[in-house]
Amino acid sequence: MKISKEKSEQRKEVRARTGLTPRWRSSSWSRLLIENTLDLITVMSNEGKVVYQTPSVERVLGYLPRELRGRNFLDFFHPDDHDKILAALEDDGTHPDRVRSVEVRCLHKDGSWRILEAVGKRVDGQSPGRMGFVVNSRDITQRKLTEGRLRRFQDMLTASKELMAFVDDRYVYQAANDTYLAYHGKERTEIVGRSVAEVLGQEVYADLVKANLDRALGGEQVRFTNWFSFGGMGKRYMEVTYYPSFSEDISIAGVVVKICDLTEHHQTARSLQLFRSLIEKLDDAIFIIDAERGQILDVNEEACFSTGYDREELQGMGIAALLNLPEGFFWRDQVARVRGSGAEVREFPQQRKNGTVFPAEISLKFVAQDDCNYIVAAARDITDRKQGEKNLLRYQEQLRKLASKLSRAEEQERRRIAVGLHDQIGQTLSVVKMKLGRMQQDNSQNAESFAEIREFLDRAIQETRSLTFELSPPILHELGLKAALEWLGEQFAGLHGLHCHLVDEDGEAKTVSGELQMVLFRSIRELLVNIVKHARTSQAWIRMQKEKDRLRIEVRDQGVGFLLDEAMATRDGFGLFNIRERLAHFGGDLAIDSLPGRGTVVILHVPV
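Numbered according to the working numbering, the sequence shown spans residues 1 to 608.
Please note that a few of the clues may not be correct.
[Unchecked claim] Below, in silico cross-link-like pairs of lysine to aspartate or glutamate (EDC-like), each with a Cα-Cα straight-line distance of 16 Å or less:
(1) Lys482 - Glu455
(2) Lys281 - Asp261
(3) Lys235 - Asp261
[Unchecked claim] Simulated restraints on C-beta separations:
(4) Asn226 - Leu145: 31 to 39 Å
(5) Gln539 - Asp506: 53 to 61 Å
(6) His266 - Arg143: 39 to 47 Å
(7) Gln539 - Leu399: 56 to 64 Å
(8) Thr225 - His82: 55 to 63 Å
Note that these hints are calculated values from the structure, not bench results.
Don't be surprised by glycine CBs; every beta carbon is placed ideally from N, CA and C.
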C-alpha cells in the first residue's frame with residue numbers, strides 16, 4: 001500500500017509540474033513505463049530542471065531519483081558535451097519531426113564517466129509557458145569500450161606482419177588480415193565467408209587443421225608447427241596458434257588464428273644444429289665469445305676436455321681468465337685487430353681448471369650476426385709441437401756447435417797444411433832452385449835443360465804459395481782482416497776482373513780477431529764468388545762500420561739481382577744458409593736485399 005501511494009504521488013507531481021498531455025494520465029501505461037524500462041527516462045522543465053527520473057537511474061548512474069529532481073540536467077554532463085546537447089534540443093524545436101540521437105558523457109555517482117546515447121523530444125504542457133523535454137537515454141559505455149577494443153584489434157590485425165584470421169564455430173572464415181591474404185595469394189572475398197577446407201584444401205584441412213580447430217573450439221589453446229604450401233609464398237615452415245574466442249555468455253564463438261612464419265628461423269636452427277654437430281667432431285677446442293664483453297657464450301666438447309671445465313662452467317667465463325692473459329692485455333684491442341683483418345692466429349697460454357697452463361695456438365675469427373658481434377676461437381694444444389720446436393732448436397744449436405768445431409778443425413788443418421807447404425815444401429823447392437842455379441853456372445853446355453827445369457821449379461813454388469794462401473792466408477793471421485780483404489780484392493781483380501772497393505774509415509776491421517775474423521773472411525770471399533758467378537758486374541763494394549756493440553759489414557753490387565726465395569732453393573742458396581749458420585754461432589745474423597735489375601746488398605752483423 002505504501003509503494004502504491006508513493007507512485008501515485010509521483011504521477012501527481014509530474015502532472016502538476018509539467019502539465020503533460022492526457023496520455024500521462026493513463027495509469028496503466030505510466031506504471032508499465034516506470035517500472036519496467038531499462039533505459040533512463042528523464043523529464044525536464046523548459047528551464048532544464050529535472051522534474052522526473054525513472055528508477056533505472058540508480059542501476060545506470062548510481063543516483064536515487066530524488067537526488068536528481070530539481071537539479072539542472074547539464075550539471076551531470078561533461079562540460080565539453082554541453083554545446084552538443086543544447087544544439088540537439090534546439091534542433092528538435094526547429095525540426096520537431098526529426099529524431100536525433102547524441103552520444104554524451106554523464107557523471108556517475110562514483111566519479112567515473114559513462115557514455116549515454118540520448119534522444120530528446122520537446123513536449124507541450126496544458127497551459128502557456130508550461131513546456132518541457134522528455135529524454136530517453138541508454139548506457140552504451142560497454143558497447144563503446146567493446147567497439148574500441150574491436151577497432152584496436154582490427155588495427156592490430158591489419159598492421160600485423162603475422163598471419164591473423166578468425167574462424168567461427170562452423171569452420172568458416174569471418175576475418176583475415178592483409179598478411180594472411182598475401183601469403184595465400186587471394187583476395188579477401190576468396191577467403192572471408194568461405195570454409196577452411198575450401199581455402200586450405202581438403203587434405204590439409206583433414207590431416208593438419210580439423211582436429212586442432214576442434215580442440216580450440218573445446219576451449220583449449222593449441223599450438224603446432226608444420227610445413228604449408230601457400231599460393232603467394234610457396235612452401236613455408238609455420239607456427240600455428242589457435243585461441244578460443246568466447247562470446248558474452250561465455251560460450252565459444254570461434255577461433256582466433258595466429259600464424260608465424262618460422263622458415264628462416266627453422267633453417268637457421270637446422271644450420272646451427274649442423275654447425276653444432278660439426279664443431280663437436282672437431283679436434284680443436286671451439287669457443288664462441290661475445291666480442292663486446294669478452295665472455296664465453298658456448299663451447300664444444302673438446303673445449304671442455306682440454307680445459308677440464310664443464311660446459312656450464314665455461315659459459316659466462318671471461319676469456320681473459322681462461323687464456324691467462326698478461327696484465328695490460330686489452331681484449332677490445334684484440335677484437336679490433338681481428339675485425340680489421342677478418343681473422344688472426346696467435347699463441348696464448350691456456351689455463352686448465354686444475355691450474356696448469358699449456359701453450360695453445362688460437363685462430364680468431366670475427367663474426368657479425370643479427371646486430372651482435374662474436375669472436376669464434378679455435379684453440380689447439382701445441383704442447384707437443386712446442387716441445388718439438390725446443391728439441392729442434394736444441395739440435396740446431398748442437399749442429400751449430402758441431403759445425404763450428406768442424407770449421408775450427410778444418411781451419412786448423414788448413415793452417416797446418418799451409419804452414420807445411422810454406423815451411424817444408426816451399427823452402428825445399430827454394431833450396432833446389434838455388435842449387436840448380438849453381439849447377440847451371442858450372443855446366444853451361446846443358447843451359448837449355450837447366451832453364452826448363454828452373455821454369456818448372458818457379459811454377460811449383462808459385463802454385464805452392466797460392467795453395468798456401470787458399471788454404472789459410474798468412475796475411476790474415478799476421479796483418480788482420482783489412483789487409484786480408486785488400487789482398488782478396490787484388491786476387492779477384494787479377495783472376496776474375498772484379499774490382500772490389502774496401503771502405504773501413506774507422507778501422508773497425510782491427511776489432512775483429514781469432515776465429516771470427518776467419519769466418520768473416522771466408523763469408524765475404526763466398527759472397528764475392530757469388531757476384532762473379534751471377535751478378536754480371538765488374539764492381540763490388542765492401543763497407544765496414546760500427547753500430548753500437550756490433551760490427552756491420554755490407555757487401556754490395558750493382559748487378560742483375562735475383563729473387564731471394566728462388567735463390568735459396570738453389571745450390572748457391574746453401575752457401576748463403578751456411579754463412580747465416582756460421583754467423584749465428586757467434587750471435588750474428590745475415591740480411592739480404594735483392595730484386596731483379598736492382599743489384600744485391602748483403603749485410604753481416606756480428607757482436608764485437
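Status of each hint after checking the structure:
| no. | hint | in the structure |
| --- | --- | --- |
| 1 | Lys482 - Glu455 | violated (34 Å) |
| 2 | Lys281 - Asp261 | violated (32 Å) |
| 3 | Lys235 - Asp261 | holds (11 Å) |
| 4 | Asn226 - Leu145: 31 to 39 Å | holds (38 Å) |
| 5 | Gln539 - Asp506: 53 to 61 Å | violated (23 Å) |
| 6 | His266 - Arg143: 39 to 47 Å | holds (43 Å) |
| 7 | Gln539 - Leu399: 56 to 64 Å | violated (36 Å) |
| 8 | Thr225 - His82: 55 to 63 Å | holds (57 Å) |
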